[in-house]
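*Asks:* Chains as they are written, first to last, in the working numbering: chain Y, 853 to 971; chain E, 853 to 971.
FYI, nobody ran anything at the bench for these hints, they're computed from the structure. Be aware that a few hints might be false.
For identical chains, the list gives no copy identity; a pair is met inside one copy or between any two copies.
Listed next, the in silico SDA-like pairs over lysine to any residue satisfying Cα-Cα at most 25 Å (straight line) [as the list claims (entries may be wrong)]:
hint, residue 1, residue 2
1, K861, I960
2, K931, D863
3, K854, S944
4, K962, S923
5, K922, N878
6, K855, D898
7, K951, D897
8, K854, E942
9, K962, I856
10, K864, E913
Protein chains: 2
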Amino acid sequence: MKKINFSRKFDKFSDYWSPKVIAEMNDYQFKLVKIMDDFIWHRHDDTDEVFIVIEGEISIEFEDETIDLKSGEMLVVPKGVRHRPHAKKEASIMLVEPKGVVNTGDEIDKLTAPNDEWI
Amino acid sequence: MKKINFSRKFDKFSDYWSPKVIAEMNDYQFKLVKIMDDFIWHRHDDTDEVFIVIEGEISIEFEDETIDLKSGEMLVVPKGVRHRPHAKKEASIMLVEPKGVVNTGDEIDKLTAPNDEWI
């Protein structure tokens with residue numbers, strides 16, 4: 853049992869759009885991600901997905917609206933809903949989702965990242 | 853789909869040790885809690901439990917150690933492990949756990965709080 857300090861974990865990597873696992877709770881994972889610019893449109897057919905902004909500002913584009921989030925804010929993206937995360941400047945976020953979720957969901961892309969990269 | 857601002861949610865209540873649900877992801881809930889002084893010793897036999905400190909400092913006492921956590925830090929308490937949260941001064945935390953988890957776990961106490969209180 854070891855406590856996790858978000859800031860110290862973010863210091864350990866610098867690549868964008870590549871989620872790093874920091875904790876598991878039952879069959880769920882907590883992942884840190886640095887993001888900048890556009891991600892790709894995708895959806896997760898089997899699960900909701902939680903975005904928590906730790907530092908910076910992001911926006912998540914949906915087919916009919918765009919939601920802006922800043923540090924201290926979170927959003928639950930319901931399963932099956934197409935979305936595209938974006939950040940104008942580097943932002944640091946935490947994702948909460950079941951083990952095994954692929955970052956690009958139903959799309960395979962050059963941004964598709966390997967799972968279970970722990971830091 | 854609505855974004856959640858932690859600080860604005862914490863402004864909506866002032867009671868201690870009484871978790872307020874702010875979001876659901878699949879069958880999991882995100883709950884905000886203000887805490888001060890000692891909670892009771894308890895354990896959750898069926899689930900891990902995540903503590904994320906949003907503001908202030910807390911400590912979680914275990915049978916063989918005490919772990920201090922401050923804003924920007926988190927801890928996963930494994931299922932079945934007895935623990936007692938504590939805060940010297942008021943602290944604001946977020947819990948992540950499956951729907952239906954009782955805050956005092958295996959103990960019924962005056963601190964046992966009702967579930968599904970949304971804010």
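*Asks:* Now tell me, hint by hint, if it's right for this structure.
*Replies:* Consistency of the hints with the structure:
1. K861 <-> I960: neither (27 Å within a copy, 37 Å between copies)
2. K931 <-> D863: Close neither inside one copy (31 Å) nor across copies (30 Å); limit 25 Å.
3. K854 <-> S944: Both ways: K854 and S944 sit 22 Å apart in one copy and 20 Å across, limit 25 Å.
4. K962 <-> S923: neither (28 Å within a copy, 35 Å between copies)
5. K922 <-> N878: Between copies only: 23 Å across, 28 Å inside.
6. K855 <-> D898: between (30 Å within a copy, 21 Å between copies)
7. K951 <-> D897: both (14 Å within a copy, 21 Å between copies)
8. K854 <-> E942: Between copies only: 23 Å across, 28 Å inside.
9. K962 <-> I856: neither (30 Å within a copy, 31 Å between copies)
10. K864 <-> E913: This pair counts as neither: shortest intra-copy Cα distance 28 Å, inter-copy 29 Å.
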